[in-house]
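K.L.:
The residues making up each chain are set out below.
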Amino acid sequence: MSTQPQDGKHPVSSLLAGPYGHPLHPLLVTVPIGAWVASLVFDIGSHVAGRGGMLADGSLWLIAVGVLGALAAASVGFLDLFAIPTGTRAFRTGLVHMSLNLAVTAAYAGGFAWRRGGYGHSASVGAGQLALSAVSLAVLAVSGFLGGKLAYRYGVRVAAETVQREGLERTPAARG
Amino acid sequence: MHIAALVTWLITALGGFYLLGTWIARGALRAPGSSRLPAPVLFGHFLLAAAGLVVWIIYLAADKKALAWTAFALLVPVALLGLAMFARWLPGVRTRHAVTPAGAPGAAAPAEAAPERHFPIPVVLGHGVFAVATVILVLISAIQK
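Protein chains in written order, with the working numbering: chain V, 1 to 176; chain B, 1 to 145.
Calculated directly from the structure, the hints in this document are not laboratory data. Fair warning: there could be bad hints in the mix.
[Said to hold, decoys possible] With the C-beta cut set under 10 Å, the calculated list includes, among others, these residues of chain V facing chain B:
1. 16
2. 64
3. 78
4. 83
5. 113
6. 116
7. 121
8. 122
9. 126
10. 129
Just so you know, these numbers come straight off a predicted model, no measurement behind them. Cβ coordinates follow ideal geometry from the N, Cα and C atoms, glycine included.
Using the sequences provided together with the hints, build the complete structure.
P.N.:
Here's what the structure looks like:
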C-alpha cells in the first residue's frame, strides 16, 4: 500500500471505500434513501389508493431493502470517518452524521419488526408506524445535510483542488 | 440464542471499530510497514465480518437455515484472519511489558513505532472473547435451526 496522508481525502482502503476521487459511500447511500422515501410514499398510498394491503406489504419490503442498504453504506462510511483526522470540526460532524444514521437505521429495523405481524393482512399502514417512518425520514434528511457538508464544505473524500483543475483546463483541440 | 448472537456480534463490531480507528489514527496508513498487521488481512477481516453480520440480520428476519450456515461460513475466515492478527500483535505486547516498567520516563518512545501497540489490552481481549462467543452462538443457532 502506498503512503497516504490522513487528510480526509484519501481512502483508508481503495478496494473497500473506493479509490481516490471515487468514494463508494455516496453511491451506496442512494439505496436506503430511495427505498425509505418510496416506503413512505407506499405508506401514504396504502391509505389513499385501493388495495392498501399490497402497498403496505411493499412498504415492508422497502424498509428491509433500506436497512440492508444502510448497513452496506455504514460499513464504507465508517472507513471514510476513519480517514478524517480526529479532533477536527469535520470529524465531529462525521460523528454526528454517523450517530443520526445509526439511530435512523435502528428505528427502521424496529419499524420492520413492528409491521411484520401485519404482513399479508391486506390492511393499510397504521398511523403510529407511518409516523415512525416520517420522523425517521426527517432525521435522515438532517443527517444527509451533514453528509453534504462533509463532502461539499469540508471536502471529505473529494479530490484536492489541484487535481480537480485538470478536468477544467481546456485541451488544445477544444480551444478553437 | 440468535438474538444473543446478534448482541455479541454487535459488541464485537464496536471493539473492532475502536481498534481499526486507533490503528489508522496512529499512522498505520501514513507509514506503511510501521505495523506488523498487513492491511489486506485487516480489511478482509472487517469486510467479511460486516458481510456476515448483514447475513445474520437477514437470517433474523427471513428465518432460513441456509442463511444461518452462510453467516457461520463467513465467520470461519474472519476468525482465522483475526487469530493471525492476534498472533502478530502478541509479541509487541510482551516486549512492551518486558522493556517498559510502568511509568518509566522515556520508555514509551520505542513503542511508538507500531500503531497496534496503542491497542488497549482489555479492548483486544474483549474483542476476542465476544468474537469467540459469537462464533459459538451462531454455530449452535445454525445446528438447532
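K.L.:
Check the structure against each numbered hint from earlier and tell me which ones fail, lowest number first.
P.N.:
Hints 7, 8, 9, 10 contradicted; others consistent.
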